[in-house]
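Asks: Letter by letter, the chains look like this.
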Amino acid sequence: MPQHSLAELAEITGAELRGDPLWQIARLSVPQAAGPHDLVFLLDPRWLPAIAASEAQAVLLSPQHWGPALASKYALLVSDVRPALAGLLRLFHAAPSHPPGIHPTAVLGDNCQIDPSAYIGPGCVLEQGVLIEAGVVLKAMVYVGAHTRIGRDSLIYPQVTLYDQVHLGERVIIHSGSVIGADGYGFYLHDGQHQKIPQIGGVLVEDDVEIGANVTVDRGTVGQTRIGAGSKIDNQVQIGHNVQVGQHCLLVAQVGISGSTVLGDYVTLAGQTGVAGHLHIGDGVVAAGKSGITHDIPAGQKVSGFPAQAHLRELKQQALLRRLPELFKRLRGGDV
Amino acid sequence: MPQHSLAELAEITGAELRGDPLWQIARLSVPQAAGPHDLVFLLDPRWLPAIAASEAQAVLLSPQHWGPALASKYALLVSDVRPALAGLLRLFHAAPSHPPGIHPTAVLGDNCQIDPSAYIGPGCVLEQGVLIEAGVVLKAMVYVGAHTRIGRDSLIYPQVTLYDQVHLGERVIIHSGSVIGADGYGFYLHDGQHQKIPQIGGVLVEDDVEIGANVTVDRGTVGQTRIGAGSKIDNQVQIGHNVQVGQHCLLVAQVGISGSTVLGDYVTLAGQTGVAGHLHIGDGVVAAGKSGITHDIPAGQKVSGFPAQAHLRELKQQALLRRLPELFKRLRGGDV
Amino acid sequence: MPQHSLAELAEITGAELRGDPLWQIARLSVPQAAGPHDLVFLLDPRWLPAIAASEAQAVLLSPQHWGPALASKYALLVSDVRPALAGLLRLFHAAPSHPPGIHPTAVLGDNCQIDPSAYIGPGCVLEQGVLIEAGVVLKAMVYVGAHTRIGRDSLIYPQVTLYDQVHLGERVIIHSGSVIGADGYGFYLHDGQHQKIPQIGGVLVEDDVEIGANVTVDRGTVGQTRIGAGSKIDNQVQIGHNVQVGQHCLLVAQVGISGSTVLGDYVTLAGQTGVAGHLHIGDGVVAAGKSGITHDIPAGQKVSGFPAQAHLRELKQQALLRRLPELFKRLRGGDV
Chain A
105 MPQHSLAELA EITGAELRGD PLWQIARLSV PQAAGPHDLV FLLDPRWLPA IAASEAQAVL
165 LSPQHWGPAL ASKYALLVSD VRPALAGLLR LFHAAPSHPP GIHPTAVLGD NCQIDPSAYI
225 GPGCVLEQGV LIEAGVVLKA MVYVGAHTRI GRDSLIYPQV TLYDQVHLGE RVIIHSGSVI
285 GADGYGFYLH DGQHQKIPQI GGVLVEDDVE IGANVTVDRG TVGQTRIGAG SKIDNQVQIG
345 HNVQVGQHCL LVAQVGISGS TVLGDYVTLA GQTGVAGHLH IGDGVVAAGK SGITHDIPAG
405 QKVSGFPAQA HLRELKQQAL LRRLPELFKR LRGGDV
Chain B
105 MPQHSLAELA EITGAELRGD PLWQIARLSV PQAAGPHDLV FLLDPRWLPA IAASEAQAVL
165 LSPQHWGPAL ASKYALLVSD VRPALAGLLR LFHAAPSHPP GIHPTAVLGD NCQIDPSAYI
225 GPGCVLEQGV LIEAGVVLKA MVYVGAHTRI GRDSLIYPQV TLYDQVHLGE RVIIHSGSVI
285 GADGYGFYLH DGQHQKIPQI GGVLVEDDVE IGANVTVDRG TVGQTRIGAG SKIDNQVQIG
345 HNVQVGQHCL LVAQVGISGS TVLGDYVTLA GQTGVAGHLH IGDGVVAAGK SGITHDIPAG
405 QKVSGFPAQA HLRELKQQAL LRRLPELFKR LRGGDV
Chain C
105 MPQHSLAELA EITGAELRGD PLWQIARLSV PQAAGPHDLV FLLDPRWLPA IAASEAQAVL
165 LSPQHWGPAL ASKYALLVSD VRPALAGLLR LFHAAPSHPP GIHPTAVLGD NCQIDPSAYI
225 GPGCVLEQGV LIEAGVVLKA MVYVGAHTRI GRDSLIYPQV TLYDQVHLGE RVIIHSGSVI
285 GADGYGFYLH DGQHQKIPQI GGVLVEDDVE IGANVTVDRG TVGQTRIGAG SKIDNQVQIG
345 HNVQVGQHCL LVAQVGISGS TVLGDYVTLA GQTGVAGHLH IGDGVVAAGK SGITHDIPAG
405 QKVSGFPAQA HLRELKQQAL LRRLPELFKR LRGGDV
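Residue numbers (our numbering), protein chains in the order written: chain A, 105 to 440; chain B, 105 to 440; chain C, 105 to 440.
Here chain A stands alone, though its shape is the one from the complex (with noise of 0.2 angstroms):
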């Protein structure tokens, strides 16, 4: 595994060094299981002393966190740790690439149209009319419904499930175990029993779209569920159909919005919060953890608790019912 001296990875990563410009590092490194020549860095405050304590030499860290405890550690400094983090990963461990070909137990269907660059792996079943374009990746065990494409340079994952009409575009990532275009949750009553209505739109996936894993995404009832270009979708959210994700959106886990809700651009919905249908999500809200959003929120707020209000707002009511005992406890000595 080739080695990179501080000097090289501060100049990649804009950092200012403080120590040995000829020390050698071979990898990233978590605290508890560095070398003397792996790299560690520092995302949360907390992480201090085991850095402190760590085998590591070398420590990739912004400014303010810098001080005497790391003394005698070389520093590579930088203002923000995610960016540098992230482009030393990935001088350090590149993604092997696929040599591209239709493994032979691959099952085709009919007219796909497959660009000789694109890998299709073992035990994947294409339907027909399938469109899969350069330098796409499905690892193993993919199954692509009917007219499906697939945009350059996506890569999904084993087990995932496109069914037929979903739109990929390019550098798209599915997880394993999402479904893409399964039926939305569409019934009437009729003389006592529930009657399916048919759902016959399709699944847009915008490019730069990354889909965690055991992701539903539903096809719309007619016309197209949206996925906006650059949003990510973190594990088991489940989207009803026809709803619009707007652009660079992030979908924590286990998220779920109802049918036919639409959202702004990016919008933030941290884990296990769920969005009634037919609603509009302005630009920028930011919903917290376990939100249950129940009406319009208008853009660039921060909402919270359930039914979903005002951060801030949510945030006294809190506070005001931790106090409740006291309330009770004057009113029963007081006059009222």
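Be aware that a few hints might be false.
Intra- or inter-copy, both count: the list cannot distinguish identical chains.
[Unchecked claim] Cross-link-like lysine-lysine pairs, in silico, DSS-like; alpha carbons within 30 angstroms at most:
id	residue 1	residue 2
1	LYS406	LYS420
2	LYS177	LYS300
3	LYS300	LYS433
4	LYS433	LYS177
5	LYS406	LYS177
6	LYS406	LYS433
7	LYS177	LYS420
8	LYS300	LYS406
9	LYS433	LYS420
10	LYS420	LYS300
Quick caveat, the hints were computed from the structure, so don't treat them as lab data. The structure presented is a predicted model; accordingly, all values stated were derived computationally and were not measured.
Following the hints, put chains B and C in place on chain A, whose structure we already have.
Replies: Chains B and C alone, transformed into the frame defined by chain A:
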């Protein structure tokens, strides 16, 4: 693709027609994507402006939404839009039927009985003693455990897992990634270790049940977990061991039901609701989204909140909560 | 199927026998489905009427539930029903063992080491450098990433995905649809775009862990996500990158744990609980269902609610909440 005149569509749906009976319709569409010969439909009054502005010449809607804004359109007027829409979707977008047969890449165990009209798609694995009735479709990569039975005309999407001893009724639909019959969560503590209680019961999914994507239904410890006829289960729902779901229930996305709880018929649990174990939820109970049900609920009640209580009481409590600041303010200014 | 006398069953379970020691038992059953030679069991006092009314002649229960209603039954009396039940289930329903071997449809990468006593079922895909120890069973359609190791006697159900560099200990059980080792949710914003932080760590699942269906456990960014020995994880649980779960923890269905949080040993998180990132949850902590944990919890505490607080305090707060109408009413009538 065959076209149909508005007169034909009016007859099929029982609609009152306003406009040219000979106008040809090619397909159903959403307003944003519609051309002149697409039919759009109004499920939500908020869609009215988009429909008025769309290129579609014809609209399916109920009479109370028909008005001057749509004066230039033709209309199919029906008292209930959903059934009419469902009928037209079935007319224009009939699901393709699968030719019967067993794909050469499917793997079959001993003593399987497969009706010649069934379709077993690529990469399916059937263990010994599986029974597949007439008209069943296993799309691809479906795993069917030993002695599991799948009733007539059921449709199983790719990457579904049915453990052994699962029994599906007729016309059951299961979407991708769902797992039916995994072990229930049963342990006891012995000498500081959690010991497994073997889970040897089964799962019974009755006729006309639809199960969404990435759902989990655990097998009974002893006896069966049961999903009653006509119930519809949305994505990412979790159903614990020995749960009994009645007939015609609606379990919306990300609902979780703990072991041995019994649901009556026509129960609706909205998204992200959780139900504790060993409870009885009466017929026709409706729980709002994110409810946390911790005690039995009598038939017909509407509940919400956590711990769930009568919905009107919960709403009143929420209203008073929002008035807590006022309450504390008055107390600070008063004599108490 | 072999039968056993009540005398034998009493000896195996250490039970006190009331009734005919020669009475033959064919299997365990639930009251509704039991015949005379089935053994039923009482885990919940609410089952008493059903047991009294059932055709089963013999009951396994604890002495305090034994009474006149069961006068006509034979009884196996044990102080703790669960271990006795588990022992009898193992006696009557021994899991079938798999003959060793590699199914011809499995696809193996280079340099895999597979113990000859292991079973690799149909449709499995193993990438290069996989290590499979003695007695391991991969039922079918399991994906195993490069350099992943599976310890002795582990059982992996169909359609599980193990990414590369995952390490499973001995006697690990993983149910269908679970995904171990997908990328953690790590991004940083640069020029208005969310940039991916490569996730190059691994996952360590220690001995005797059981993981339910459709669970997701993300790999570490750097370093390992760890599930401690003997912990049991229910369906649809989400575990973020670099989370450390201690030994003998119970994580019930639909729990979500955000990145870098550390759980001590014997922690129990009930269903739908969410835990924020970078927290420390002490040994023996118990969180009630739907808890939302937003700060560190010291060892031994029982918490509930959102934001989670000491359970007794939460209960008191809920009781006062229900008295808010009374409070407002008194204030309206008073001088304040």
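Asks: State for each hint whether it applies.
Replies: Structure-based check of all given hints:
1. LYS406 with LYS420: both (14 angstroms within a copy, 25 angstroms between copies)
2. LYS177 with LYS300: between (65 angstroms within a copy, 28 angstroms between copies)
3. LYS300 with LYS433: For LYS300 and LYS433, the Cα distance exceeds 30 angstroms both inside one copy (55 angstroms) and across copies (48 angstroms).
4. LYS433 with LYS177: neither (57 angstroms within a copy, 55 angstroms between copies)
5. LYS406 with LYS177: neither (40 angstroms within a copy, 41 angstroms between copies)
6. LYS406 with LYS433: Between copies only: 25 angstroms across chains, 34 angstroms inside a chain, cut-off 30 angstroms.
7. LYS177 with LYS420: neither (44 angstroms within a copy, 51 angstroms between copies)
8. LYS300 with LYS406: between (37 angstroms within a copy, 24 angstroms between copies)
9. LYS433 with LYS420: both (20 angstroms within a copy, 13 angstroms between copies)
10. LYS420 with LYS300: Result: close neither inside a copy nor across copies, 45 angstroms intra and 36 angstroms inter.
When held up to the earlier numbered hints, the structure conflicts with 3, 4, 5, 7 and 10 and fits the remainder.
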